[in-house]
Amino acid sequence: MTVQIAGVASTEFGEHPDSSTRELFTDAALDALDDASLSVHDVEELYAGNFIGDLTDDQAHVGAMLADYIGAREAASMRTESACASASSAARSGAQTIEAGDADVALVGGVEMMHASGLGEVTDALANAADNEYENEAGLTFPGIYALMAQAYMDEFDVTQEDLAAVAVKNYENGVSNPIAQRQEETDVESVLESPPVATPLTLQDCCPITDGASAAVLVSEAYADEHGLDTEVSFAGSGQSSDSLALQDRPDIARTRAAERAAEDAYERAGITAGDVDVVELHDCFTIAEILAIESLGFFERGEGARGAVDGETAVDGRIPVNTSGGLLAKGHPVGATGVAQLVEITKQLEGRHPNQVDEPTIGLTHTVGGSGASCVVNVLRTGGV
Amino acid sequence: MQPWFIEFAEAIDDGEPIYLACEECGQVGLPPRTVCPECGTRTLEQRSLSETATVTSSTRIFSSIPEFAEETPYTVAIATFDEGVRLTGQLRDADEVALGETVTVDAEERGEDEWLVTFSPTD
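Listed in order, the protein sequences are those of chains A and B. Residues 10 to 396 (this note's numbering) make up the first sequence, in order. Residues 8 to 130 (this note's numbering) make up the second sequence, in order.
No lab work stands behind these hints: they were computed from the structure. Even for Gly, the Cβ is constructed at its ideal location relative to N, Cα and C. The reader is advised that the hints may include incorrect statements.
Computed, partial: chain A to chain B, Cβ under 10 Å [stated by the list, open to error]:
1) L47
2) H124
3) G127
4) N141
5) N145
6) Y162
7) V207
8) R260
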């Protein structure tokens, strides 16, 4: 059964000091429902990603809270949590429930309010995605974990800090024209290298910002779209998800994301495509090195050649395989629990031909979202073709 | 901090570090595992681990979580033991360490039942 994407929306990403988890999610959910021309009472199932709300807001049971406040009290609701891949899991779950014939309308999304608490508290909460005993208690931070991956990768493949910086330069440039992006200013290689060190070799501009934001998408069955005269242009073509060791130290190669390789292989098989068929990609560039590892795991570049993507312009909006035309996590921002659906929103707009950095007539797009340092990964494939 | 990690760190502190090895397939790992993730059997055996390892990667951390914020900058490394297991620890007795350098593993008690794995350059 084909799952159609009937409507999508993201709030502006950045700081929302006057909002809250329930209010910000409601903003995105209602916009997505308007985009789909559906009412909140049409929603049968709600899956919402949220990672640190129970720590920052002192509020768990987030699925029911969000269902209540968007006005869908009768819907089945659940919060999904796979660290930074939480919303991708929500999208995957929503698509699966429709594919299984259990529901015709699922609202999927995510929300994270990261400015509500102090930077220290947020950093501490985010660190919960890592292995507490083996990593956090050793003083390792998330930038630190990715820095360890970067250092090992740079040593093995003779890649430089300038090569990493090229990813930030590209994604910042894409962010400039994205109205929801948190960072809307360009940078250059020199500025990336000269920004304050966070965890060597990563500087502040190699790292995504702290973000408040929410995203939502309305998924419907093809039959429902047909019956209700919905004008859909994009379908959910397939999904893959995999896991890996929680701690980076337990992986045979610390500069390789095998969960992403497995998730991509699974998603490609279900969608009936290969890596070469993909026209546009939103992927998990929480740090510059992460984009390089991701484009290798997704099969767009040979192992050790991912740095070429940004340096040679192959991942630019007009390149061979456009990556993060939204600005990615680096520029658009990374409201952790919302990111996977925020990526889906961007890809849907690309496939509908209404993206601010429009790629030339794409037909297949994908989202790639990583939990922690790669202990989970979700790949969702979308394609043109509605009802 | 979990009891299994306290036990693991205390063994390092006593100069008797341990690791787990699968009797079936030879895969190595660290506590507290019951199942070998490689072959799925439950035949993990506790063995003695060497006290030296080789640095696989390292990073100097300038911005940290509240618990370590006052101690920045400091260096964290992942080191690989001859037995094949890797551990993450904070560097002592030096600010930087080269990849491939040999380090000695140790453990520090930061507070009651709060342990930290450390590495020091061997020479």
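Going down the list of hints, with the structure as the test:
1. L47: Not OK, violated: L47(A) not within 10 Å of chain B, min 43 Å.
2. H124: 17 Å, violated
3. G127: 9 Å, holds
4. N141: 8 Å, holds
5. N145: 7 Å, holds
6. Y162: 9 Å, holds
7. V207: 5 Å, holds
8. R260: Since the shortest Cβ distance to chain B is 8 Å, the answer is holds.
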